[in-house]
Amino acid sequence: MSQRLDDIATALSARLEGDGSLTITSAAEPADAGPEDLALAMQPAYAERLPEGRARAAILWEGADWRALGLQAALFVQRPRLAMAHLTQRLDPGPEIASGIHPTAVVDPTATIGANPAIGPFVVIGRDARIGDNARIASHASVAEEARIGDDALLYNGVRVGARVVIGDRVILQPSAVIGADGLSFVTPETSGVEKARSSLGDQGEIVRQSWTRIHSLGTVIIGNDVEIGANSAVDRGTIRATRIGNGCKIDNLCHIAHNVVMGDDCLAAALTGIAGSTVLGDRVVCGGATGIADNLSIGSDVIFGGGTKVLSNVPAGRVMMGYPAVRMDQHVDMYKALRRLPRVLRDLASRQKPVPKSGADD
Amino acid sequence: MSQRLDDIATALSARLEGDGSLTITSAAEPADAGPEDLALAMQPAYAERLPEGRARAAILWEGADWRALGLQAALFVQRPRLAMAHLTQRLDPGPEIASGIHPTAVVDPTATIGANPAIGPFVVIGRDARIGDNARIASHASVAEEARIGDDALLYNGVRVGARVVIGDRVILQPSAVIGADGLSFVTPETSGVEKARSSLGDQGEIVRQSWTRIHSLGTVIIGNDVEIGANSAVDRGTIRATRIGNGCKIDNLCHIAHNVVMGDDCLAAALTGIAGSTVLGDRVVCGGATGIADNLSIGSDVIFGGGTKVLSNVPAGRVMMGYPAVRMDQHVDMYKALRRLPRVLRDLASRQKPVPKSGADD
Amino acid sequence: MSQRLDDIATALSARLEGDGSLTITSAAEPADAGPEDLALAMQPAYAERLPEGRARAAILWEGADWRALGLQAALFVQRPRLAMAHLTQRLDPGPEIASGIHPTAVVDPTATIGANPAIGPFVVIGRDARIGDNARIASHASVAEEARIGDDALLYNGVRVGARVVIGDRVILQPSAVIGADGLSFVTPETSGVEKARSSLGDQGEIVRQSWTRIHSLGTVIIGNDVEIGANSAVDRGTIRATRIGNGCKIDNLCHIAHNVVMGDDCLAAALTGIAGSTVLGDRVVCGGATGIADNLSIGSDVIFGGGTKVLSNVPAGRVMMGYPAVRMDQHVDMYKALRRLPRVLRDLASRQKPVPKSGADD
Numbered sequence: 001m002s003q004r005l006d007d008i009a010t011a012l013s014a015r016l017e018g019d020g021s022l023t024i025t026s027a028a029e030p031a032d033a034g035p036e037d038l039a040l041a042m043q044p045a046y047a048e049r050l051p052e053g054r055a056r057a058a059i060l061w062e063g064a065d066w067r068a069l070g071l072q073a074a075l076f077v078q079r080p081r082l083a084m085a086h087l088t089q090r091l092d093p094g095p096e097i098a099s100g101i102h103p104t105a106v107v108d109p110t111a112t113i114g115a116n117p118a119i120g121p122f123v124v125i126g127r128d129a130r131i132g133d134n135a136r137i138a139s140h141a142s143v144a145e146e147a148r149i150g151d152d153a154l155l156y157n158g159v160r161v162g163a164r165v166v167i168g169d170r171v172i173l174q175p176s177a178v179i180g181a182d183g184l185s186f187v188t189p190e191t192s193g194v195e196k197a198r199s200s201l202g203d204q205g206e207i208v209r210q211s212w213t214r215i216h217s218l219g220t221v222i223i224g225n226d227v228e229i230g231a232n233s234a235v236d237r238g239t240i241r242a243t244r245i246g247n248g249c250k251i252d253n254l255c256h257i258a259h260n261v262v263m264g265d266d267c268l269a270a271a272l273t274g275i276a277g278s279t280v281l282g283d284r285v286v287c288g289g290a291t292g293i294a295d296n297l298s299i300g301s302d303v304i305f306g307g308g309t310k311v312l313s314n315v316p317a318g319r320v321m322m323g324y325p326a327v328r329m330d331q332h333v334d335m336y337k338a339l340r341r342l343p344r345v346l347r348d349l350a351s352r353q354k355p356v357p358k359s360g361a362d363d
Numbered sequence: 001m002s003q004r005l006d007d008i009a010t011a012l013s014a015r016l017e018g019d020g021s022l023t024i025t026s027a028a029e030p031a032d033a034g035p036e037d038l039a040l041a042m043q044p045a046y047a048e049r050l051p052e053g054r055a056r057a058a059i060l061w062e063g064a065d066w067r068a069l070g071l072q073a074a075l076f077v078q079r080p081r082l083a084m085a086h087l088t089q090r091l092d093p094g095p096e097i098a099s100g101i102h103p104t105a106v107v108d109p110t111a112t113i114g115a116n117p118a119i120g121p122f123v124v125i126g127r128d129a130r131i132g133d134n135a136r137i138a139s140h141a142s143v144a145e146e147a148r149i150g151d152d153a154l155l156y157n158g159v160r161v162g163a164r165v166v167i168g169d170r171v172i173l174q175p176s177a178v179i180g181a182d183g184l185s186f187v188t189p190e191t192s193g194v195e196k197a198r199s200s201l202g203d204q205g206e207i208v209r210q211s212w213t214r215i216h217s218l219g220t221v222i223i224g225n226d227v228e229i230g231a232n233s234a235v236d237r238g239t240i241r242a243t244r245i246g247n248g249c250k251i252d253n254l255c256h257i258a259h260n261v262v263m264g265d266d267c268l269a270a271a272l273t274g275i276a277g278s279t280v281l282g283d284r285v286v287c288g289g290a291t292g293i294a295d296n297l298s299i300g301s302d303v304i305f306g307g308g309t310k311v312l313s314n315v316p317a318g319r320v321m322m323g324y325p326a327v328r329m330d331q332h333v334d335m336y337k338a339l340r341r342l343p344r345v346l347r348d349l350a351s352r353q354k355p356v357p358k359s360g361a362d363d
Numbered sequence: 001m002s003q004r005l006d007d008i009a010t011a012l013s014a015r016l017e018g019d020g021s022l023t024i025t026s027a028a029e030p031a032d033a034g035p036e037d038l039a040l041a042m043q044p045a046y047a048e049r050l051p052e053g054r055a056r057a058a059i060l061w062e063g064a065d066w067r068a069l070g071l072q073a074a075l076f077v078q079r080p081r082l083a084m085a086h087l088t089q090r091l092d093p094g095p096e097i098a099s100g101i102h103p104t105a106v107v108d109p110t111a112t113i114g115a116n117p118a119i120g121p122f123v124v125i126g127r128d129a130r131i132g133d134n135a136r137i138a139s140h141a142s143v144a145e146e147a148r149i150g151d152d153a154l155l156y157n158g159v160r161v162g163a164r165v166v167i168g169d170r171v172i173l174q175p176s177a178v179i180g181a182d183g184l185s186f187v188t189p190e191t192s193g194v195e196k197a198r199s200s201l202g203d204q205g206e207i208v209r210q211s212w213t214r215i216h217s218l219g220t221v222i223i224g225n226d227v228e229i230g231a232n233s234a235v236d237r238g239t240i241r242a243t244r245i246g247n248g249c250k251i252d253n254l255c256h257i258a259h260n261v262v263m264g265d266d267c268l269a270a271a272l273t274g275i276a277g278s279t280v281l282g283d284r285v286v287c288g289g290a291t292g293i294a295d296n297l298s299i300g301s302d303v304i305f306g307g308g309t310k311v312l313s314n315v316p317a318g319r320v321m322m323g324y325p326a327v328r329m330d331q332h333v334d335m336y337k338a339l340r341r342l343p344r345v346l347r348d349l350a351s352r353q354k355p356v357p358k359s360g361a362d363d
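Protein chains in written order, with UniProt numbering: chain U, 1 to 363; chain H, 1 to 363; chain P, 1 to 363.
Chain U with its partners taken away, still in its complex shape (with noise of 0.2 Å):
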């Protein structure tokens, strides 16, 4: 992988000064920089560790002194972490998977395998189903029944597609991502009281003693173009139609998105967020870790939930949300900042009020 400096340059719509001939093989944080390291000192703090590393390239801030720091060359860019995006995408060799399919595969015969596959040891691929082209399967995955996987995908070990997921082009799905489990879906025969206790908000009624009757999720799973699912996340397939992610969509580690969902695009939901079935996102929403939306509610497209909201009600396009239940940041911030003040409040209040007699019956 080794690649000229002003290859890497142009890559990265970068200024550089110096010499391009240099060639790179990776990239390092300065201390750990060998000679063909390209170091990344995009601020002052990093580079004061370049010395301590070998390195003769970097990527550094506007207007810092290349020859002062002992470099050969360096790289300037606009947005540090949109030339990251660019370096480490050309810098990264990806999982290995041989080229072809493994023999030990058992690929049903009806099923289709676009052109250049690798696919790896102990996947299996079940009846009718269809995987695109170039695609990465690596080893213990399965693709069940009439699934079908677009063009350039990536699934890591362990993967589990389920029968008839729809999944689209060059997406990514991280070891052991469930795709189009049975959605949690049960009724009992009269009224639970979950239903009574949500209607009253907090009243269960009288307790019935009775069992959970399975609805079935007949349903499957769509999921659009680019979209990337983290390590152990599940998906789960709708009760009549499908469960949906739309293009470009990031979801992170151990996330849970129940049946019926619809996402738009380009959402990211980092790890640890729960979304109830039937919830409906619109576009671009980003949920911190451990955001939990509640089921049946409708969530505007730019929405920004911070990390460890809980979601019981609907929210409007662009809001900025926090807390349990979540509400506007800023009210938040004033709510919990009026909060670390009560004690002492209420404390002044009492010593205060100490000569009132009590105010009676309902103290």
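No wet-lab data here; the hints were simulated from the structure.
If several chains are the same, the list does not tell them apart, and a pair holds so long as it fits within one copy or across any two.
With a cut-off of at most 20 Å between alpha-carbon atoms, the simulated SDA-like pairs for lysine to any residue come out as follows: (1) K337 <-> R347; (2) K337 <-> L349; (3) K337 <-> R198; (4) K196 <-> V327; (5) K337 <-> D348; (6) K196 <-> D330; (7) K196 <-> Q331; (8) K196 <-> Q78; (9) K196 <-> Q210; (10) K196 <-> L312.
Model, not experiment: these values are computed from the prediction.
Since the structure of chain U is already known, use the hints to place chains H and P on it.
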């Protein structure tokens, strides 16, 4: 799976009007329904979209005029979600797992497999394991030594059943569910900061630098009949006795049931719920998504936890709880409403009290 | 696994009274104990149930009269949970994984396997991977190219170890743990709403419709000695440097350790804990269940987080924290008690202030 509408009516205890000889192969939302689909239009709002599809038959609400809706037949049901359960059960094709034992499966010669198995590729079944009749075990699942699984089980792809685990009849384990991992149980040589902080509610005393010694999990997991456990969930084995999950429990994706936990019958836990070590739940406890229950607690029967609830103390039977820490839901609503008003109340108080001199040292 | 009671006494540093020649094969709770079980009755309440079982020997509390309890021998220990650790370690049979390398395993010819391996069916080991001595690797696990695993490792079924991951000695990875998935790291071409909302605490400014560009994970994961990681947990690889988990860390099921995180030694994280990208923890940090720690934070050594805590800012060493957002546990208790009183306080205030005219426009 083609079925006559009058047969479906009987199975759903539904009242049929119109042509019962119509045949149905699947169910669909009104706008998506083809002529072989039964449209689900239990409310007028749903029925409005019937003209967008081509349904000939639908499930409607009591009093609806099916002829005016352009249908040839209609079903009327008392409790729509219960009808959904019966209908979807009839229409679910289930996963395709070929009859017999796939030649790649590794089944220990001492294992006992019941009648009529369907065991997929790369399944591993250990020494003296016993699998009941009509087992369906999808690819890549493993059942370890001396584990027992009842009749009519469905284990999805990549399920892990540990040694000596006992599972009842008609259980469904979704992909990558892990039953019988070791519990997280560690002890320090001297009293730990955690032990001290718990008893003092916040003071861990003098810090002692010490490592963790492992308490091994000698117990197992015992799961009743008619239990379902979601994708990527984990139920840990007990330390000495067994972790127990009662009959009819339904556990969603990404849930954690720790060592020694006892769940009664017919409990339901939505996704990302965690129940910590040695906690005991009664029957029919319902945990909304992302519920967390601390260790060594006792939760009575018929308790309902709203989504996101974190339970730090025992809960009597029949309570509806919410919040962090959990309180009765009605109390939670009161506290939350008061907290929303608090910033303004404090501003008001401050403006009233401006003339009053500061109350002194404790301010 | 039959063992003499006097040998067990020595191993547990326990004081033996009675017949040390009794043989023990397992441990049990008093009511369940058979004649070959050592009954665990460290408290009088437990001992009450000894007559329900058939134990001949028990671990008792200091001062207990073992003869009166009908026993033939007894062990007395200083710290019962520590004794449990030593006892269960001696009695744990461990998982059965046959010695040698199962014929179905796919081991790359360039991989190095240490002495005395036990590698199960359908295991895949990649190019130039190095596995230490006495490795036990259960079915369906995979170890990718250039990964290194130390001596005496135990990898349970379906574990995923990614390329170039480095793991120390005596590590235990529970089923379906995923070490070395790619981090969730994305950037938008222009400043995103999330970046703006974070700096303004709630205002995302003008909304720009843009998609996510992937920052690839070139770094790896480095895990120390004596680490245990739970079922279905995930530790992501770093972006440039490695994600690091120190010696002796114990991580429960369904935990998420994001890219670039550094955990010191002897940390413990209970289930459903998430630690976001680039956060650094000191030594001996304890995370109760469902703890969430935001990205790019610094958590000092010996910090203890109560269950459900969501950490949004740096925490100095030695603190005991709780709540969302996290505060000192004693402060959390104060705030929570005040909040419980708040609805009544506001009602009281309102009744006192009725005669006072409204304070004006900001009401």
